[in-house]
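K.L.:
Listed here are the chains, written in short residue letters.
2 protein chains.
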Amino acid sequence: MKMKILEIDVKDKTSTQLDVPEKYKYLGGRGLTSTVVSAEVDPACHPLNEKNMLVIAPGLFAGSVLSSANRLSAGAKSPLTGGIKEANSGGLAAYRLGRLGIKAIKIKGKGKGEFESAGIKISSSGVSFEDLSFIKGMTTYEAAKRLLERYGNKCAFLVIGPAGEIRLPTACINVGDTEGEPCRNLGRGGLGAVMGSKGIKAIIIDDQGLKSPWKENDKVKQVIKKFARALKEHPVTGEKFAKYGTVMTLLNVNSLGGLPTRNFTQGTFEDAEKIGAESLREKIANRGGMTAHSCMPGCVIQCSNKYVKKNGSPLVGSLDFETVCLLGANIGISDLDQIATLNRLCNDYGVDTMETGVTLGVMAEAGIFEYGNYKKIKGIVDGLGTGTPIGRILGSGAAVAGKVFGVERVPVVKDQGMAAYDPRAIKGMGITYSMSPMGADHTAGNAITLAVDHLDPEAQIKPVRELHINTMVLDTLGICIFTGRVTLGNTDIVEDIIEAFFDHRITFEELQKIAEENLKCEREFNRRAGISADRLPQFMLEEQLPPNNTVYDIDMKELESFYD
Amino acid sequence: MKMKILEIDVKDKTSTQLDVPEKYKYLGGRGLTSTVVSAEVDPACHPLNEKNMLVIAPGLFAGSVLSSANRLSAGAKSPLTGGIKEANSGGLAAYRLGRLGIKAIKIKGKGKGEFESAGIKISSSGVSFEDLSFIKGMTTYEAAKRLLERYGNKCAFLVIGPAGEIRLPTACINVGDTEGEPCRNLGRGGLGAVMGSKGIKAIIIDDQGLKSPWKENDKVKQVIKKFARALKEHPVTGEKFAKYGTVMTLLNVNSLGGLPTRNFTQGTFEDAEKIGAESLREKIANRGGMTAHSCMPGCVIQCSNKYVKKNGSPLVGSLDFETVCLLGANIGISDLDQIATLNRLCNDYGVDTMETGVTLGVMAEAGIFEYGNYKKIKGIVDGLGTGTPIGRILGSGAAVAGKVFGVERVPVVKDQGMAAYDPRAIKGMGITYSMSPMGADHTAGNAITLAVDHLDPEAQIKPVRELHINTMVLDTLGICIFTGRVTLGNTDIVEDIIEAFFDHRITFEELQKIAEENLKCEREFNRRAGISADRLPQFMLEEQLPPNNTVYDIDMKELESFYD
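Line by line, the protein sequences are chains A and B. For what it's worth, the working numbering labels the leading residue of the first sequence as 1, then goes sequentially. For what it's worth, the working numbering labels the leading residue of the second sequence as 1, then goes sequentially.
If a hint is listed, it holds; no wrong ones were tucked in.
Each computed BS3-like pair below joins lysine-lysine, with the alpha-carbon atoms no more than 25 Å apart:
#: 1; chain 1: A; residue 1: Lys557; chain 2: B; residue 2: Lys51
#: 2; chain 1: B; residue 1: Lys557; chain 2: A; residue 2: Lys520
#: 3; chain 1: B; residue 1: Lys520; chain 2: A; residue 2: Lys557
#: 4; chain 1: B; residue 1: Lys375; chain 2: B; residue 2: Lys283
#: 5; chain 1: A; residue 1: Lys221; chain 2: A; residue 2: Lys211
#: 6; chain 1: B; residue 1: Lys557; chain 2: A; residue 2: Lys51
Read the hints as simulated data drawn from the structure, not as lab findings.
If we strip away everything but chain A, and leave its shape as in the complex, we get (with noise of 0.2 Å):
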């Protein structure tokens, strides 16, 4: 199939296509997206400024159904950090992508005067601009079944809520799920401010008409067999992800004291096991939900769940281990319809669940409310869709929130907040955290998984360092990080892949070449953008965390050589 790249110009309303350069063809997902932003975006722009991109790329083998092959990545940047950002997620945007052939969407300009609410959509007859004034200020839910009532209930789409059209540092982009369900999230670094920004309120896809692009030959067929059966016969990918989903490593986490509660002030939360797995999966399955569900087309492993009410009614897809966490034990809030609620009012009003469980962990630091206190998180949160003073201080994220309120203890860096390992416990995650040049986003290294001693501080650069080199080659390939238990065990599984489908074999240690030498220029961008502090915040290093009592004591004059 001859892949192509579309290039969409919002201010003018002109999409050109573009062939592929033979440098970008094994390249997908956030090697893809951190190549082109690199490349094309000038690191000293404003995140807001019509000079920024937004670069969109699915995964190398989109449109087909090997497994956990449909991630969608968007990369720009970061409103949030101010630095180079790609987030990713499961969905169905980057199959239907894959089946029109589409390598990369990137979108430059910005509407002109007021917010155009304007539509993509894009199909096999081209790219056209979509008058969508009739979901403009709309929550997600509400838009995206708009939207496919419009546009038909198989397209895919992207679509941002209040907080992306007011421009929210922390604003996502959500993407629909095989049911249309718009909470797969693009979710980290403000991404949907970006789009915001650009004026676009959401991007549908719509593969009608076509059949799979890939050759269905034989040597492709095998390989998509032998790789769900490889996942389905680890113990991890195979059954404990579909039957707890990534709520899994909660209590997990909580037994190594990293589990980040009342503002990453304590490592185990006396309420764990109310929030666990499998106080999670009883609840969904006693009240008709799903608990296991493919959060993108092929996908065998199955993590995702739907959460439902209890009467059944469906509440939030899918509710997992970071949100949990972070609107959860972070925020003193052990109920997990409370947080399923919250879960679902961030998805609606489109902002980050992460970001916006750290940050109201902040605010409970600072006094603003109550541990606990539901009822006044909600509140605030509420504040998100209306744009309410504190709404908007919530929707900045963690890092403002902590200038803002003056709060001293603030779990960020680079300006992002942390996700639910703390790592006075999980050391590892302090070296993704303060190393990746996404700001202190696990999925760039998540150490969690490492066969180490989490908490010796001997143990763990050269193993972190492989694993981020290792992650970028997932996320280079689009495949899901979850599989690396399967293909990081047993790489030659991955150069089949790629033989199969490109018909030229390439060998893991090339493509892990490939994926340092993106890191190395995501961190130049970093770098010429004055992004610098590769760093944990003090309180980290100083404040013992209990039950472990520790202190984060990577040695950082270590981690200098990170890079080279």
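Since the structure of chain A is already known, use the hints to place chain B on it.
P.N.:
Just chain B, lined up with the frame of chain A:
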């Protein structure tokens, strides 16, 4: 006189009297605060942490009546920029500290638990900790009145307002002037929040019972007279400043097309005459205020004033150029009474008037209120006192407001709002804003004073670089930069002053070398703090400023060697 350094630990409520290290002998003001902050503050610490240190240092000749030499500097890691910060002001405190033989005060630690409203009293009998709970939460004018009632109206004092107590990043430290009005502000960079984080509401300085510590020999007396005469003989320092105050600059900057108007969208203000020097002088004179006033003991320049209400009662002293422009033209206000009232409110709540004006401009651009809507503006400013969400956003500065409200045109460098000179028309000022370790702070190199074509990008770098060094020389001596017209044209007089006071002659070239070292050391602090973006915001490089229709076009490449 044997000078001493006071080291005060707020945590333990202890104070130590230290000898002055030989290497600090000829450092005062910013030269000393920046040296101490660089040497003793961890650049990675949180600005509100106990590890941050508030360093207060009078000028080298403080305590004498040498004209323009009783400046007071304060330094710390800035809650606003995250980098090193120094702010200086007039007022009575430096004079009293000089008479007490105090070279510097280093305040470490942090009060325990709740904000303590502690006070530090410094007198000839040493340091005592005072319970100031009777002025807790109080605005500065009321607090100042109570302080003078309790400690005697000859005392000098530093006090913070509610903004400093709640640690807003734009909080200033108010220094009482010779009449006890808390209107001389250590304004920029949030040093009031550092003081607030330490639990200190006020510092009282009482030099009663002491004679001048300076040997009043003929040599000293002569040089004091000689310097006063030289200042009086210059048309600007001898006459214009006293007649018109700093506002004399306003119509000049306006005629150069560089007067920030309506969030830096225009370089001229149609109502400039209304807020210009003649209008101000007339108003003050007709109402019986003071058109000329010394901001510190001994100063013959008398650029300060006391603005009064229509009925002649005091409103604010002193109404100065930066404030008149940024709380006037920049937010579309052309009524001096309104500007003076906003100035008074900023003083009273204890925030930097400049940052407040720049932030309000960003808010107006965001549509929070219409330019010139005094009533709405006043309502938001009042939120600084009560800590409303919108007031807190305002008090967090322009960079934060830009994030919170999704504004792209945010005139800041290193997260600090620009002074009242648009760098597209006063291009040398753009070099100061971008290259100074202080952020967009005109006082680090006030390029408007240079005899160059301000629009010519080629004409700026060399003279501005020299100006940065010479400004640091004056800041290290603690002599007001307004003396520059005399001291920098006739450097002998600077050498004479040092020789008379210290029985030791230092050449101006030697002073420049020390200054260069200090600048490098400030810059190195920032590098270690992770503050590295030496550049103006994107819009100033691209958006033409009427009426000159020029952009900021200084060659960034050439600036790379600015510090070599």
